[in-house]
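J.: Sequence:
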Amino acid sequence: MSGHPDDEFHPPTSDDPYWTETCWFTFAVPERRLSAQLYPFFRPNQGVCAAGAFAWDATGDAPWNARYAKHFWHLPLPDQPLSDLTLPNGIRYRCVEPLRVYEIGYLDPDDGAFAVDLTFEGILEPNRLGETHLDQPGRYAGTMILEGETIAVDAFGMRDRSWGPRSQFGADLHGSGAVRGGYSYATASADDGFHAITMDWGDGAVAIHGYVNRDGEYARVASGRREVLARAGGAPSRVRLELTDELGRTLVAEGRTLNRFGLHLNPNLFTWNCLTEWAWDGGTGFGEDHDNWSAAGARRFFADPAHRDHGEDDT
Numbered sequence: 000m001s002g003h004p005d006d007e008f009h010p011p012t013s014d015d016p017y018w019t020e021t022c023w024f025t026f027a028v029p030e031r032r033l034s035a036q037l038y039p040f041f042r043p044n045q046g047v048c049a050a051g052a053f054a055w056d057a058t059g060d061a062p063w064n065a066r067y068a069k070h071f072w073h074l075p076l077p078d079q080p081l082s083d084l085t086l087p088n089g090i091r092y093r094c095v096e097p098l099r100v101y102e103i104g105y106l107d108p109d110d111g112a113f114a115v116d117l118t119f120e121g122i123l124e125p126n127r128l129g130e131t132h133l134d135q136p137g138r139y140a141g142t143m144i145l146e147g148e149t150i151a152v153d154a155f156g157m158r159d160r161s162w163g164p165r166s167q168f169g170a171d172l173h174g175s176g177a178v179r180g181g182y183s184y185a186t187a188s189a190d191d192g193f194h195a196i197t198m199d200w201g202d203g204a205v206a207i208h209g210y211v212n213r214d215g216e217y218a219r220v221a222s223g224r225r226e227v228l229a230r231a232g233g234a235p236s237r238v239r240l241e242l243t244d245e246l247g248r249t250l251v252a253e254g255r256t257l258n259r260f261g262l263h264l265n266p267n268l269f270t271w272n273c274l275t276e277w278a279w280d281g282g283t284g285f286g287e288d289h290d291n292w293s294a295a296g297a298r299r300f301f302a303d304p305a306h307r308d309h310g311e312d313d314t
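Taking the working numbering, I'd label the letters of the sequence shown as residues 0 to 314.
Read the hints as simulated data drawn from the structure, not as lab findings. You may find that some hints are simply not true.
To be verified - Calculated cross-link-like contacts (lysine to aspartate or glutamate; reagent style DMTMM-like; alpha-carbon spacing at most 20 Å):
(1) 69 x 107
(2) 69 x 109
(3) 69 x 148
(4) 69 x 110
(5) 69 x 146
(6) 69 x 116
(7) 69 x 56
What the hints assert, rightly or not - DEER-style ranges, computed between Cβ atoms:
(8) 148 x 85: 32 to 42 Å
(9) 229 x 302: 16 to 26 Å
(10) 190 x 47: 36 to 46 Å
Ideal placement from N, C-alpha and C gives every residue a C-beta, glycine not left out.
Given only the sequences and the hints, what does the whole structure look like? Please build it.
T.: The following block contains the structure:
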């Protein structure tokens, strides 16, 4: 079922070979410190796509030692609608209700080591960054099979979509001028949660997008900051987020990461993805913290051993 253009592929607005569309779903089993995500990456002007499926817990933090990691590149661009799609690497998406309910699946095409059968149901309307990006919190329910074990999934998570130029080149993140940024969120209930995208132009990571959902009242983020308080093995281990929304409400959240996974989601985006337990306003909730870098920025920052394991003052 379709019905909304943002559930379908967007026509490229230029002939830029790096014009890109994404459709990302991320979910977790927090009590097992287990995270997973499906991430296809479409380049229609080149006629190709990439597609990754990943699952990790506290036992591994890289593609080679994670519970599961396969990233397929240079797959043919599918001749199917995004709202009812099956990719050669095993990802399956189907829109059940526009902008709200999706069936997502995955089956490893080689040995079946990882399989996903989930329904995502949005708990808020998508929060839009301009006309080319949206984020939506929701609840995932269903199962995944990992190395022969069937694992129940019933937890809050996130999805996001983006479409537009995204170069593989440059010392900064996708032409933004920033070499690093963050993607942080948590959901305690359908009435309580937050999300923030932050970028660092040289004076700390400031919020450019997000929302605060408090007592069922949603408002967009007006300003904020993200600070990495400590790192372990390079990845954030403790994070602090300060947000002010358009209603003037403030939120201060501190996150403790429960796992970490470092990978290049595309050639010029290195990211640490961490399942995170957040505490704010006297409550707690699970979500994630992503520590995002351009390839050059990551290489330079992590070349310093002091940046791999650090205490209170790392920013």
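J.: Compare the structure with each hint and give your call.
T.: Going down the list of hints, with the structure as the test:
1. 69 x 107: 9 Å, holds
2. 69 x 109: Roughly 10 Å separates the two Cα atoms, so the pair holds.
3. 69 x 148: 19 Å, holds
4. 69 x 110: Holds - the C-alpha atoms of residue 110 and residue 69 are around 12 Å apart, at most 20 Å.
5. 69 x 146: 14 Å, holds
6. 69 x 116: This hinted pair holds, its Cα atoms lying about 17 Å apart.
7. 69 x 56: 16 Å, holds
8. 148 x 85: 32 to 42 Å: 25 Å, violated
9. 229 x 302: 16 to 26 Å: 19 Å, holds
10. 190 x 47: 36 to 46 Å: 42 Å, holds
Consistency with the previously given hints fails for number 8 only.
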